[in-house]
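Engineer: The sequence shown runs 1 to 477 under the UniProt record's numbering.
Just so you know, these hints were derived from the structure itself, not from any lab.
Remember, predicted model here, so these are calculated numbers, not experimental data.
Where is the CB? At the ideal position from N, CA and C, for every residue including glycine.
Among these hints, one or two may not hold up.
To be verified - DEER-style ranges, computed between Cβ atoms:
#1 Ala321 - Glu474: 52 to 62 Å
#2 Asp189 - Arg295: 23 to 33 Å
#3 Pro409 - Trp386: 32 to 42 Å
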Amino acid sequence: MTSPQDPPPPVWAAPGSASGSGTPSDEGAPATPSAPSTPAAPQAPQAPDTAVPPAAAPPAPPTGWGPAPAAPGAGAPGYPPVPSAAVPPPAGYGPFPAHGTPPPGYGTPPPGYGAQPPGYGPQPPGYGTPPPGYGTPPPGYGPAPVHGAPPAGYGPGRPQPVPAAQWRPPALQPGIIPLRPLGLGEILDGAFRAIRANPSVMFGLAALVMSIAVAVQAILTWYVGGQLSGAFTDLQDDELVYDGTGDLIGSSIAQFITLPVTAIASTALTGLLVVSVSRSVLGRKVSISEVLRSRRVWAVVGFTMLVSLAAVVALGLIVGAVWLLASADQPLAAGFVGLVAGVAYLLALVWVSVRTLLVTPALMLEERPFWPTIKRSWLLTRRSFWRLLGIYLLTSIMVGIAAEIIVYPAAIIGLIAFDGDPTSLGAIAVNSVGSVIAQTLTTVFLSSVVALLYIDVRMRREGLDLELARAASEQPA
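Taking the hints into account, I'd like the entire structure generated from these sequences.
Structural biologist: See the structure below:
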């Protein structure tokens, strides 16, 4: 007899398919013979590590393996597809797990894997609460920066806009200067503009007046200088002085004696040119005949002569005091008095010249009596002394340098051309030409600056710019 043999092991088949050995199925239906190949043993499912996103549809199963498994998402990721509920599980395997839940014993899926794909059951818990202090800066890093503020250590952020200064309309300028208080550059520029605005008066009249004055001075210099040079030549000692000293001394004394002629002409010309400059400020133009009709120019000449006379008298007193002390055999006292009095005289001369600087334009432009006008101009310079002194001194230095550039070459040419005799008629004529050019330029420019200084002081003190603007608006088109 043969020994009993163990029954063959059951062959795994997909639910709903026939077994390979012809054994009856769980429902008692006769088994259908299958291919002799043995199916692979099922592998134990593994716990998923990560959520598997939905994939494409799986390929069709091989023949004999039953119906195709359900699409991913029917069960948990990594697990075999869940059989249909109509097919009972094999014998000994128990019921299938609930749809969408992992098999027992595998625990819960790890939290924090985002949203659960559709069909996988309830959403697993998220990551929970963040660790303590999350979202706040670590200790030692200071407070969190404010939105829009620059990072620490990068300097200040975008500067805040500064309120714009109050806008002011530009000053009205109908003529050579703007109608507002002027600066140094605007005064000098206005002087040049005044010359260009009316050259027939500023240059033509000035050249005419200075030519007459220099011609008179040249005649007096030639006559007086010839007389004095002859006298000094007879008195000179050949052992002490060189030949020609008498001519130089006589010419110098003659020019000093005739100096008031050109001084009076320059004063009168300054008053006449002030009228032209004042009209140019308003954009108007005057002719030579209109300027010459102004009778107040004689007041300017009279005031200049009074000041000059006072200066000469003061200088004479100083010289007389020194001479008396020297005659009394007191040389130290004479020297001390001469030094102190000389310095005081120069300071007083500068002070009076600046305080009376605006008398000429005030007399020419204001319809006031003589002495009230002088008092008024004196008061106008009371709080502008240093400014007037600086501008006038600077202008005098500028025109002085320009005059010497013209006068010195003319004097040298006259001496060379006429055998070094400064009292000769030819040398005097050459010097006179240079003097006319130099004094015309200096007088024109200085008178323009003085007129603009007067207008500037009145605009600062009395609001003259408003009156000038009104006058400019009323002038005929």
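Engineer: For every hint, state whether the structure bears it out.
Structural biologist: Okay, the hints, checked on the actual structure:
Separation of Ala321 from Glu474 is about 58 Å and conforms to the stated range, judged on CB atoms against 52 to 62 Å. At about 32 Å, the beta-carbon gap between Asp189 and Arg295 stays in the expected band of 23 to 33 Å. At roughly 36 Å, the beta-carbon separation of Pro409 and Trp386 lies within the given 32 to 42 Å, and the hint holds.
Of the numbered hints listed earlier, not one is contradicted by the structure.
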